[in-house]
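Visitor: In case you want the letters, here they are:
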Amino acid sequence: MEGERVSVAEHDPRPPLFGTVGAFVAAVLAGAVAAETVFGGAIAFVGTAAVGIGLWRASQQVVTLGAGVVLVAVLFERIGETVWLVTAAGLVVLAWVLASNAIRLGRQVGRGGKTLRVELVHAVATVTVAGAGGGGSYLVFRSTAGTASLLAVGLFLASVVAVAMLLR
Amino acid sequence: MNDRVIVVAGVGLCALGIGVMVVPVAGAGVPTVVLTAFALVVVSGGLLVAASQADSSSRPNLDLPDPERRPQYRSPGSEFEQLLDSVGLVGRRAVRREGSELVDGTAPREELLDRLTAQAIAVIQHTAGCSRSEARSRLEEGRWTDDERAAAFFTEGLTPPLSLRQRLPIPTDRELPTVRRARRVVAALETRLTETAGESTRPGSKRTAAGPYWPTDRLPVSRSTSGAALYTVTALVVSGVGVLASAPGFVLLGTVGLALAATAKYSQPDPSVTLTRSVETAAPDPGEEMTVTVTVENDGDRTLADLRVIDGVPPGLTVVDGSPRFASALRPGKTATFDYTVTAVDGHHEFEPAVVIASDFVGVTERIESVAESTTVSCGFERTGAPELEPSELTALSGRHAGAQTGSGVEFETLREYRHGDPPARIDWRRRAKTGELATIEFVEPARSRTILMVDDRPPAYVAPAAGAIPAPRTGAEMAFGVGTRLLDDGQPVGLATATGTEWRPPRAGEKQYATLRRALADPDCVGWTAPDGCRSIEETVAWLSARTARSVQVVVVSPLADDGSVELCRRLQATGRGVCVLSPADADSETTGAAYARLQRWRRRSTLRSAGIPVELGEPQPAPKLGEQDGG
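These protein sequences, in sequence, are chains A and B. Residue numbering for the first sequence is 5 to 172, as defined by the numbering used here. Residue numbering for the second sequence is 216 to 848, as defined by the numbering used here.
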């Protein structure tokens, strides 16, 4: 007594391809920068793999964990090299931002929807803002020839906390 | 502390920092210990701020609607499957033995045995035509089936002997012998019923709708996507480490995250959009595919960097191609269009408000709103949709019958005193000639049978053969309309009621009543696509209907017989002296043990009703949706 069957379009909650590939590539590049030693490379590899698994399973928590591990590897390996440090950390942030946006897009719109335009706007905006913030700070840092006193850095940090209080 | 004070403090501290950098001598006299303590305090305070921002209250949980599929309904078979699973989980120890106590009173194995024993006795009684004690005897001796494993379920008790392998503590995917035997019992009972009695139990599966289909009552809402808190926490931790490790380069990293968070703070999305929707045809035929085109326009004066739209597909329509979800960036005054295809089913369908999600440039905060756009589709509920059943098959009292009133007719009832205005034809002229008195003859006034169609829309009736299929009450509304049409064509007055009491139409005849029934039964406000939150008791329903109808009215209950309450409803209606018959929608086939058990239960309910003199007719099975085949998008 089997009835006639009707095909149904299902919501595909996987992250869109552009964001998925972009985030993973950024994580791989950040991991490559961090892989100065075998130990650092191993940590970075674990973190990058976690980012990939998080994207595959559309898990925000796993992606965040993976990005955090890559960031630790970057800090550990490039602590004294400001340019590499900022570059790799920027790539980690980019990977995390792209992955998070892709996962959210997957849940809300799905891989079946047209999302490329939104993803491009988001990626460009993120790179611009992060580059402006990091680059601006780097210029200030370079202008003082890297001799900023600890007190100056502490005061900056206090001002940062004040700004953070507004971010609610 | 208001925002202005915080801003002034932040700018002041930043200026001081720049000052110290430009004139390093200014901070030369401060001891390192003091500086480290200062940094620790700042970092701790910052982390507290970040933690407060990460509080879930700032990110309200919100279930977004799922427009591709109809509401989900629970299967009655799943309840039985859960019982089988629980037997496997608790193992052999959870059997009530003498002197032992169970937390919940009944062990899963014993509940399984009780249920299957009751079901098996009923089937054996019916198929073998024997007494209850004889049926029990056959069961206990294993003489009811050729399947030895099925028979062993009742003959070997709740703890059958295990093989050596099963005794070893090795994880295995195989089910316990009791569970396997229980499955065999269900299959054997169904086979026996089908082969011996020639009765099909195939139709029967239950799913109950859970949760609202289109949860937009909490909108609009603004929420963080967790990015702001994470950026802030990461920035502060990295910067704090940099201060403590005397590595100013670390602080630079913090500025990246804070730049993103600050951008999000000052580019809060505020969508102002207009949505227009058009459908290919507003009155499609059942099963016809039609394209829905949606256009979104940015009415505001700011660019919407990230705009996502989830269109409000009515629960009765199923998306078969394309996607009702869309994402785009829209500049002020610009429009974007997307389309998708749905399949129409019987009923009046009103589109839900679309859900619009707007995010800032960097995706840290989002605002979710609903945008209403009235679009309706009316499908089916035509006279041609009547089931292949004659009124005489459906109603116990079809055609004309003697009414409670006297008046004009052909069958003599009584004589009464003449009243001014009585028609001369009804004056007893013989009596007038004999006695000189005027008297009027009263005849038995024939009356058409009046019928009430009662659709069972109680929460337990919300059953469906598969995920995404039409729930039984909506199928019942179609069937009720078909029956009502036939009865109206036959000249009988027909009324409508729902078991939850949300709808009442007194029995009437004629074209006007046809239109009334059509409008009411097609409307999801009468019989919804999701189960009502609550409803009156069966006693109250029967009393409510009794108060509105005479005893001569007969009731056609359209019910999936998915619970014992439906049987109780019919029997209580019958007890009021009204003629009752049942029309039950059929469900599609399913091969699971749970579904087979549910079919057996439905068969028992039908048998109970028939033995009480209540006729039961089954409808045609509905098409089952094939999930997971996405052609478009």
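The set of hints was computed from the structure by calculation and includes no laboratory data. Warning: the hint list may mix true and false statements.
To be verified - Listed next, the stretches of chain B that the computed footprint assigns to chain A, with coverage defined by at least 3 CB atoms under 8 angstroms from CB atoms of chain A:
# : stretch
1 : 221–232
2 : 348–361
3 : 576–590
4 : 735–743
5 : 826–832
What the hints assert, rightly or not - With beta-carbon atoms standing in for the labels, derived distance ranges:
#  : chain 1 : residue 1 : chain 2 : residue 2 : range
6  : A       : Q65       : B       : D361      : 26 to 36 angstroms
7  : A       : A36       : B       : T510      : 44 to 54 angstroms
8  : A       : Q65       : B       : L279      : 18 to 28 angstroms
9  : A       : G135      : B       : S301      : 51 to 61 angstroms
10 : B       : P747      : A       : A36       : 38 to 48 angstroms
11 : A       : A36       : B       : R438      : 52 to 62 angstroms
12 : A       : A36       : B       : V245      : 54 to 64 angstroms
13 : B       : S493      : A       : V128      : 46 to 56 angstroms
14 : B       : R438      : A       : L143      : 56 to 66 angstroms
15 : A       : Q65       : B       : T791      : 52 to 62 angstroms
16 : A       : G135      : B       : T807      : 29 to 39 angstroms
17 : A       : V128      : B       : Y481      : 46 to 56 angstroms
18 : B       : E503      : A       : A36       : 34 to 44 angstroms
Given the structure is predicted, the values throughout are model-derived calculations rather than measurements. Built from N, CA and C at the ideal position, the CB exists for glycine as well.
Visitor: Can you list which hints this structure breaks, lowest number first?
Guide: 2, 4, 5, 6, 10, 11, 12, 13, 14, 16, 17, 18
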